[in-house]
Amino acid sequence: MAIPISYNVRNLKLRKGLTVMTALGIALTVTTAVFLMALLAGLDKAFATSGDPLNVLVMRKGSTAELSGGFDASLFPTLKTLPGIAKDNEGQPIASGEWVVVVVLPRKDGTGEVNVSVRGMMPAGLMLRKNTKLIEGRWFATGQREVVVGKSIHNRFSGANVGDTMDFAKGKWKVVGIFDAGGTSYDSELWGDVNQIAADFDRQGGYSSAYLRATDPIAADALKNRVSDDQRLKLEGKLETEYYAAQTSSGGAIKFIGTVVAIIMAIGSSFAAMNTMYAAVAYRSREIATLRIIGFSRPSILTSFVIEAVLLSLLGAIVGIILILPFNGMTTGIGNQVTFSETVFSLHLTLKVAITAVAFAVVMGLAGGFAPAWHAARQDILTSLRA
Amino acid sequence: MTLTRFVTKSAFRNRRRSILTVLSITFSLLLLTLMMTIWRAFYIDTGSAQSASRLVTRHKVSLTQLLPSFYREKIRAIPGVVAVAPNNWFGGKYKDFKPENFFAQFGTDPDELFKVFTDFKIPPDQLAAWQRDRAGVVVDSELAKKHGWKIGDHIMLEGTIYPVTLDLTIRGIFTAPEPTTSVYYNQKYVEEAVSFANGHAGTFAILADSPENVSKVATAVDDTFRNSPEPTKTESEKAFGLSFINSIGNVKAFILSICMAVVFATLLVSANTMAMSIRERTREVAVLKTLGFTRQTVLRLYLGEAVVVALTGGVLGCVFALLLITGLSHAPGMGMFFGGMKVTPPTLAVAMLVAGTVGLVSAIFPAYHAAKLDIVEGLRYLG
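First to last, the protein sequences are chains V and W. One point on numbering: in the numbering used here, the residue at position 164 of the first sequence is 164, and numbering is uninterrupted. One point on numbering: in the numbering used here, the residue at position 156 of the second sequence is 156, and numbering is uninterrupted.
In short, the hints are calculated from the structure, not lab data. Hints should not be assumed to be uniformly reliable.
Only pairs whose alpha carbons sit at most 20 Å apart, straight line, appear in this in silico PhoX-like list of lysine-lysine [claimed, not checked]:
{"id": "1", "chain 1": "W", "residue 1": "Lys252", "chain 2": "W", "residue 2": "Lys342"}
{"id": "2", "chain 1": "V", "residue 1": "Lys234", "chain 2": "W", "residue 2": "Lys93"}
{"id": "3", "chain 1": "W", "residue 1": "Lys252", "chain 2": "V", "residue 2": "Lys108"}
Source: prediction; values computed, not measured.
Assemble the whole structure, with the sequences as input and the hints as a guide.
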């Protein structure tokens, strides 16, 4: 027969101080782990939702990033006439030749200078990014030294308000608008006219990349292959979504350090939980002997104490997750290894993260609770009663 | 029995509990030492004397903008500059594009590279061989070990920025004070293959005549090109490296918050143990007091006990941290991050201080409680 769980709950309540302190210790470990997992989840979200499945990104063969490519402008007309490209209202193919460059801007909070991506695009570039909404001002005008800034840039850098001027490359740029790209990595970019930007960075006569809008997903796939297979072009097509999905690798360093930290802290917490459970067993040795005499078997005593340890760690997990709630949605930046500039993302506490955290805590509880529970179940009845 | 002996004896009386507490503190302190070592390497360590005399000049707009290569001669003319070598990022793919196979590839001038990086050691015959072979390359010794390269081996690098595949022959293996995970080839090789690479340099590595002159040289270089179409930004090698670390994210806040969580967790564990062990000995405290031990002595006994346990954990934590960091800095593939990391005596001292303080603080409340205990109540306590 199993010992009811309410017995364990009452025992935990009885020794409040000990329970709370041990649970808090576990909570701190869970908080650290949840924090790191939520960071990675936020990063995943920023990249996973970036890009449109209908957009085909074209770069030079062998290039891995828009930053490190570059092909001759004479190839662009050929690209534009490929089959499967959507047309705008005037019957022109929706295609944009672009330049992505990096500039250094000072952070608003004075914590240093950061690399930021500047994207020069053709007017069609805006049509390729339909999910991007203007929230203030207007879009940049062709032939003008004007830029529109992403929401994250507006929030994190000084001089990024409508009407401000920014100083980079060969002179001043007027900020004419702010756009919201829905938390994707576009939010960490500045957009302007491709010719103006190419001129300022001495890159006329070519593009670092081109974007083509396909009519439907099948056409997008065909277009991608068509570009890559065309021997005249020496270019490579990629779905925009694929390109961004590959950038999540930027979180590699956090992932590695985070795992090491979480494991070391978890081992420490397991020892602490073990300590608490051993004490619980020692205090209750007479009680355990009584339970045995009443007829509870060794396995049910073992199970009961393991359950108690797991309950303790669950309490820790809940407290740990609650502790992280105020930080949910907090934004931070990370150096993107592909674009060589900062991508802003927010801490994202997902259900998956919460479940992983609970599982993580349960493992700690099991690791800490099994040995003491084993000890409890193996106790000699007579010695314990006499103690 | 002296009081010290009494304290150490009672600290390990309940052996299982003490060992578990010590182990728990050990892992926390291991983490703390690890974090402090990373902090020191990033923000406190100034590097070797040679590294402290070096500067890096890049385009003011950003690292991705190239500088004209004639800047090199202008920089050389600046007082305080001993040697200048260009460093051109190639960013090629080796074998596949997996991150673990990644290493830095720089195009440079074989005649001057080792005059700037004076702390890089290379046998003179290998250096001479590299200088004679335009398609030669010199590689970092740690990197050579990782990939199993020998002199005479070929490395194929497929360009991602430049449309060319380099076929390089290893002519020399150099040893740097800290693993660089870099290889250096002759920039002329790329310039001949790709016309637009001509006349450009990514960055310039500069050796100043002394560490004191570094900031003066930096200002002088930037002043020289201030009003040109291609302005520069010059900073010390250390500051240049830090800008990469900062790009990972807010590393300082990250490390600090982990340290705080660890210290607080250690405090909880230690306080828990002390509360348990002092409560168990309520009757003993009463006996001690009956024998004539004053409140102060009782207080000190228990505080001492907690400090002994915490310090034992601290010592073990430091030892494990030493082993772990030594292991990591020599592990293949970890060199780039942990390469130059060393656990220094000050770091260890801080760790031990933290351990001792945490032990002391954790015991204050239960020890005070025990010291205040009423003798009769204590003797009656059943536990």
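Hint-by-hint comparison with the structure:
Our distance criterion of 20 Å between C-alpha atoms is met by W:Lys252 and W:Lys342, whose separation comes to about 19 Å. Of the supplied pair hints, the one linking V:Lys234 and W:Lys93 holds, its CA atoms being roughly 18 Å apart against a limit of 20 Å. A hinted pair counts as satisfied when its Cα atoms are at most 20 Å apart, and W:Lys252 with V:Lys108 qualifies at roughly 17 Å.
In this structure, every one of the numbered hints holds.
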